[in-house]
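Asker: Taking this note's numbering, I'd label the letters of the sequence shown as residues 490 to 630.
Rather than coming from a laboratory, the hints here were simulated on the basis of the structure. Treat each hint with caution, since some may be false.
[As the list claims (entries may be wrong)] In the SDA-like style, the derived pairs of lysine to any residue whose C-alpha atoms are separated by at most 20 Å in a straight line are:
#	residue 1	residue 2
1	Lys528	Ser568
2	Lys494	Gly545
3	Lys528	Ile601
4	Lys546	Leu584
5	Lys528	Leu515
6	Lys528	Thr624
7	Lys546	Phe512
8	Lys528	Gly545
9	Lys528	Ala504
10	Lys528	Tyr626
[To be verified] Between beta-carbon pairs, the in silico distance windows are:
#	residue 1	residue 2	range
11	Ala605	Ala520	21 to 31 Å
12	Ile501	Asn565	21 to 31 Å
13	Met490	Tyr623	40 to 50 Å
14	Ala557	Ile581	13 to 23 Å
15	Pro523	Ser592	35 to 45 Å
16	Ile501	Val630	15 to 25 Å
17	Met490	Leu585	15 to 25 Å
18	Thr493	Leu617	37 to 47 Å
Note that the Cβ used here is the ideal one computed from N, Cα and C, for glycine as well.
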Amino acid sequence: MNRTKKIALCGILAALALALSLFENLIPLQAVLPLPGIKLGLANIITLMALYLMGGKWAAAVLFCRIAALYLATGNLTSLAMSLTGGCAALIAMLLAYRFRRSFFSIYGVSILGAAMHNVGQIAMASLLMRSLYTFYYLPV
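Can you make the complete structure from the sequences, with help from the hints?
Answerer: Encoded structure:
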């Protein structure tokens, strides 16, 4: 795939990830599971797709475009901080797992590791913002 096609695909995937993020905010998961901040993480599927289709540099571009556009759409600074730390932690973990995909990890393992590290990153940022280590008790949930 040449560079022009990768740029176009990157824009399409970033727009799809943004749409999924905004759609995800409309799903009332707190009615089913009364836990604050719980989401499905549908936009991370698009980052995983970008990783497998185009590589790590382009997956990072999709991730940062989605986060920046979501911040511009919502204007929530706390959400920006949480998304950046969770997304970066997930991307780093997925990149490392992707390197060892032939011997250790399938696409499902890469996805699960990314989801787990996304949660760890967000809990770490919440702990930093709240200036309390008690937020890590929320991690098993």
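Asker: Give a verdict on every hint.
Answerer: Consistency of the hints with the structure:
1. Lys528 x Ser568: 13 Å, holds
2. Lys494 x Gly545: 16 Å, holds
3. Lys528 x Ile601: Within the cut-off at roughly 15 Å; holds.
4. Lys546 x Leu584: 10 Å, holds
5. Lys528 x Leu515: Holds: lysine 528 and leucine 515 sit about 10 Å apart, inside 20 Å.
6. Lys528 x Thr624: 17 Å, holds
7. Lys546 x Phe512: Since the Cα atoms of lysine 546 and phenylalanine 512 sit roughly 26 Å apart, the hinted pair is violated (cutoff 20 Å).
8. Lys528 x Gly545: The hint is violated at about 24 Å.
9. Lys528 x Ala504: Between lysine 528 and alanine 504 the Cα gap is close to 19 Å, so the pair holds against 20 Å.
10. Lys528 x Tyr626: The given pair, whose Cα atoms are some 18 Å apart, holds under the 20 Å limit.
11. Ala605 x Ala520: 21 to 31 Å: 25 Å, holds
12. Ile501 x Asn565: 21 to 31 Å: 25 Å, holds
13. Met490 x Tyr623: 40 to 50 Å: 47 Å, holds
14. Ala557 x Ile581: 13 to 23 Å: 19 Å, holds
15. Pro523 x Ser592: 35 to 45 Å: Since the Cβ atoms of proline 523 and serine 592 sit about 41 Å apart, the hinted range of 35 to 45 Å holds.
16. Ile501 x Val630: 15 to 25 Å: 34 Å, violated
17. Met490 x Leu585: 15 to 25 Å: Check passed, 24 Å falls within 15 to 25 Å.
18. Thr493 x Leu617: 37 to 47 Å: 40 Å, holds
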